[in-house]
Amino acid sequence: MEMNAKQHKYGMVIDLDKCTGCGACMVACMSENNVPFKKDESNKRDSITWMRVYKISNGKPYPDADVCYLPRPCMHCEGHDGHSPCVSVCPATATDYSRETGVVSQIYTRCFGCRYCMAACPYHARYFNWWDPVWPDGMEKTLSPNVSPRMRGVVEKCSFCFHRYQLAREKAIYEGRDEVAEDEYQTACAQACPAGAIVFGDLNNPDHQVTRIVEPDPHHHFTGHSKKAFRLLEQLGTNPKVYYTTERQWVRKILGQYNFGSQAAAHGA
Amino acid sequence: MKLDRRSFLSFVIGGAAGTAVTPLPWKLMDDVSIWSQMWPWTPVPPDGAYTYARSTCTLCPGGCGIAVRKVDQRVVKIEGLAGHPVNDGGICPLGLGGPQMLYSPTRVTGPLKRVGPRGEGKWAKISWNEALAEVADKLTQLRDDGHPEQLAIFSGAGQGTFSALLERFMTVYGSPNLVRPATFEDAYGMAVYRMHGQQAVVGFDLENANFVISFGSGVIEGWGSPVRMIRAKSLWKDRKVPLVQVEPRLSNTAAKADRWLPIRPGTEAALALGLAHVILAEGLYDRNFVEYYSNGFEAWRKMVLDGFAPDKVAEITGVSRDYIIVLARDFAKAGAGVAICGRGRGTTPGSLEEAMAVHALNALVGAINRKGGVWALPGNEGIRWPEVEIDETAANGLQRPRLDGAGSGDLVDAGSLPNRFFSAQAEGKADPVKALLVFEANPLFTQPGTETVKKALDRLDLLVSFSSLMDETAAYADLILPNHLYLERYDDVVAGTGLAAKVIGLTQPVVAPRCNTRHAGDVVLALAGAVGGPVADAFAWESFQACLEETLADDWDALSEAGYVVRKIQPAYWFEAFPTASGKFEFAGGYRPVPIEGDKGAFPLVLIPYDGMRIAAGPVANTPFMTKTVGDDVLKRQDVLVEVNPKTAGALGLGEGQAARLSTPRGQARVRIHLSEGIMPGLVAMPRGLGHTAYDDYLAGKGVNVNTLIGPVEDPASGLDAAWGIQAKLAKA
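First to last, the protein sequences are chains A and B. Numbering-wise, the numbering used here puts 19 at position 19 of the first sequence, and it's gapless, one number per residue. Convert by adding 1000 to the 1-based position in the second sequence; the result is the number in the numbering used here.
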C-alpha cells in the first residue's frame, strides 16, 4: 500500500508549565486502553498506569519549595535506527519498533513475561501483570473492543493509542486519502488534557504543531533544535519521541538525572 | 537384556542429546506460557457499531459538554466535547468516570426500603408504587396535621428546570425548608447584594484579565467550572498574565502561580484591605469609578487608611510589608486586574467580610462590570410557568420561619444555610422537620460536622434519598427512590460557576436506564399528584421530559442538536447597575476575623482541609480509575497521609510515613505523616473527599473524611459556614 511508503514519526511534546497535575490524562488513558484496576492501587510499583504523572520537588525548604508535575507516557524511543532499549532485549519479539509510525509496539500474545524490557527501560514505562485483571461485577461492560484486555504474566505499556491510528488510517483509506490528518490521530491523553499541555503529532511533518514546537534536529539525534524542548535522560542515547518544555530551570536540571524507579517519586492528589 | 556401563552411558547421553535436539521441551514451554495466558475469564469485549452521543456532564456544576463513545448500546468512554464554550474538548478526571459509575456494582438497582436499624444496610426491595405510596402518605399526613413546613428538601441540583420544579413543589406544598449546599458564591453573592443592592449572579471574566490575585482559590483544583479554569490558566501562561496565589499551603495552584504568597490562614481579608491601603495611599485607584459611581468611599477609605497600613497587615498576615506594597502597585497598574476568593474548590462559603474586602478591592481598581473583571449579572430571568395557587395550609406553612433562619431577622439576604439547618435540627430547637428528601446530594459525607448531620438525620421520621449510587446518605436513609444516572436521563444544566456568559447545556439519555430507576423529576410529579388538591394542580405536565421540552421550548431544537446554547449577557449600564439607596456602588465592610473551633492549649496545631482534582469531595465520589491516580504521598493502603512541615513534625518526633493520631475537638483519626516543605509550620493539611464508608472496597475505608474532624463555624454577619480550619493535635500512634 502506498501509505506504508510514507514514514511517520509520531511524537509528543508536553508543556510542564501548563500541566496542572489533574490526572485527566491518566484516567483518559486507562479508560481508552482497558487498563485494569485493583482495590488497592497505593503500591505504585505494581500499579499499572501507562501514563503516570510524577510529582517532582525542588527540594528547597519552606517557603521556597516548589513542585512540578511530570506526565510520563512511553517515550517510544528510537535509539539508533530503531534499536530502543526494550526492543533490543526482547527475546520473544513481543515488542517492536515500527518504521512506519515510530511507535514501539507491545504484542501481548507473544510476550511470555520475562520482563527484560522492564529492566531495560530507564523510564519505568513498562508494567507487568502480576494478576489476572478482575472487573467488578458489571464493569466489564466499560471495556472497549479496540484494545484487547491483557492477561496475567504479560508486560504492557503505552501504545500512543495505536488503535486510534489504525482506525484513522482505515477511515482515510476508505475515503480515498493517503494521509491521516493531524487531528484524526490524537492520543487519548492529548485529547483529554484540559490544560492543552500535551501536543501530539508527526515529528516528520513540518506542519504539525508538535514539530513546530520541538524543531527536532536530525543532525544531533533529534534533540530539540529550539533548545526549548528537551527529553528525559537525554544522555542515555535512547532518542525518545516525547519532548518536554518548561521555563523553570530547576525542573530541567532535575529531569536530566531523574530516577524514575525511586520510591521517593511522589504523585500528588 | 543386560545393562552394562557402556550401554547405560550411551542411553543417558543419547537421551540427553536427543531431548536437546527435539523441539518438544521448547514447544511445551511455549504452550504452557500461551496456555497460562489464555484464561477463559479474561474478557473479550464484544464489538459493535461505534457511535458518539452528545450530552452535558452533571457530575459537578461546571457544565462541560461531553461526547459519549458507545459500542452498540454500551458506554465505553467519555470524552470532552470539542468546540463547547466551557471545555472545548478538555475533560477532568471525574468527567471521564461516567462509564465506571454507570456500570458500578454500587448502583441502587431499584426502590429500597430499610428493614433493620438506620445505616445497618438491610434492605427490602419494593415496587415503585409501594415506594411512592410510602412517601406520599407522609407528605399527605404532614399537610393534614397542618405542618407542611416539617417537610424539607436538601438539593444539590444545579440551577436548571429540575431545581425550579422542586421550588414550585415546596411553594405549593407549603414548606419554606428547601435547603441547598452553600459555597463561596453564596458569600460573594451576599457581598454583591450589600454593595450593589441587588441579587446577582457573579461572573469573573478571567480570560480577559491581565493580573489575577487568588485568595486561596484552587484555580486549577476545581474552583468554579474546573475545566474552564484550567483552560484559563493555560491562556494566562500564553499571554504572560501573572497569577499570585495567597494561601498557607503550596497547592497545585500555588505551584503553578507566578508567585506563591504563604499567609496565616484566616487573615486573607486583612491582606485584601492592606493592598487597598497601598492603592488608596498612593492614589492608584480608579478615580472615575470611585467619583461617579460609588458611595461611602470616604468612610471606607478612612477605615482602611487607619487600620490596615502595610506594617500592621504584615504583622497580621505574615506576608512581608515590602511585598504587600509591590503587589498592590502591580495589581492596580495592570489595568485589568481581578481578585477572586473562596478557598480550594470554594465549597466552604467563608466569611462575608472576606468576600466584601475582596470585592471592594476589585471595585477600587475599577474591575466591576469591566472586561477582565468581575461581573454582576442579573439573576436568572426565571422560568415562565403559570402562577401557582396556594391553599391555606400551604400559606400557613410558608409563613413559618425556615429552620436555618435564612430570610428572616439578621439573615434576611441569606439564601440557604445548610450548616444552621443541620445544627438546628440536631439540637431539636424550634420546629424540627419530620421528613427530608435528598436530591443530588450526600450531606452525611459532604457537610462539615458529620456527627451533627447524623444526629439531625436521626430526628427525622422519614429520610428519603434519590441517589443513583449507594452513598453515605442513601445508606442511612429509610427509603431510596433511585434516580436515573445522568447518562440515562434528560436534564438541563446552567453552566459556569463564575462564567461571564450563560451557557445552557442539555443532558440527554445516551443509553436506556440500566436499573429499575425513575427520573427524580417524574417522581416529584407523581408525588405531587398523590398529595392531590392544589399541589397536583400546579403540575400539569405528564412527565419531566414534557416539562423540560415546554420550559426550554425556544431552545429545544438547538439544545438537542448541538447539546448547548450560549446566551451572551451584558452587565447593566452604570445608571441601573446599582439599585442601592444612593443608586451607586456602596463601599463597605471591615475586618473581624472568624475564630476557629478549639482550644489552642489542648490543640496547638491547625488542621486545614485541601482540595485536589484527583479526589472528588462533592456528592459524586471517586471512581476506581480516579482513586488509582491518587499518589502514595496522599493515600497508602487504607491510610491518609497528612501534610506537615518537617519542623512541626520533627518537634513531635514524627517522621515520613509514620502513623499518628490526629485529634480535634470534633473527633480523632489515625493518619500517616507526609513531610512537606510546602506547608506553613504549625499546620496539618488533609485532603477532602477520602474516608468514604459507603460504596465498595474500591473506595470505602480509604483514609479519613475530614468532615468528621472539622465542623462549621458560623459567620455572625451572614450565618454561612466560615470555618477555614480547626485546632488540632498530632501524637505518635
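It should be emphasised that the hints constitute simulated quantities derived from the structure, not laboratory data. The beta carbon of each residue, even a glycine, is placed where N, CA and C say it ideally should be. Accuracy of the hints is not assured; some may be wrong.
What the hints assert, rightly or not - When the alpha-carbon atoms are kept at most 16 Å apart in a straight line, the in silico EDC-like pairs for lysine to aspartate or glutamate are as follows:
no. : chain 1 : residue 1 : chain 2 : residue 2
1   : A       : K55       : B       : E1677
2   : B       : K1647     : A       : D64
3   : A       : K253      : A       : E234
4   : A       : K228      : B       : D1478
5   : B       : K1237     : B       : E1282
6   : A       : K141      : B       : D1072
7   : B       : K1434     : B       : D1461
8   : B       : K1237     : A       : D17
9   : B       : K1237     : A       : E215
10  : A       : K38       : B       : E1427
11  : B       : K1240     : A       : D17
12  : A       : K60       : B       : D1238
13  : A       : K39       : B       : E1677
14  : B       : K1070     : A       : E140
15  : B       : K1240     : A       : E247
16  : A       : K39       : B       : E1714
17  : B       : K1636     : A       : E41
18  : B       : K1454     : B       : D1478
19  : B       : K1636     : A       : E234
20  : A       : K55       : A       : D40
21  : B       : K1454     : B       : D1410
22  : A       : K44       : B       : D1004
23  : B       : K1240     : B       : D1330
24  : A       : K6        : A       : D64
25  : B       : K1636     : A       : E100
26  : A       : K38       : B       : D1696
27  : A       : K39       : B       : D1478
28  : A       : K141      : B       : E1677
29  : B       : K1312     : B       : E1298
Claimed, not checked - Chain A is faced by these chain B residues, among others (derived, beta-carbon under 8 Å):
no. : residue
30  : S1033
31  : P1099
32  : L1675
33  : G1682
Checking each numbered hint in turn, tell me which of them this model violates, lowest number first.
Failing hints, ascending: 4, 5, 9, 10, 12, 13, 16, 19, 20, 21, 22, 24, 25, 27, 28, 29, 32, 33.
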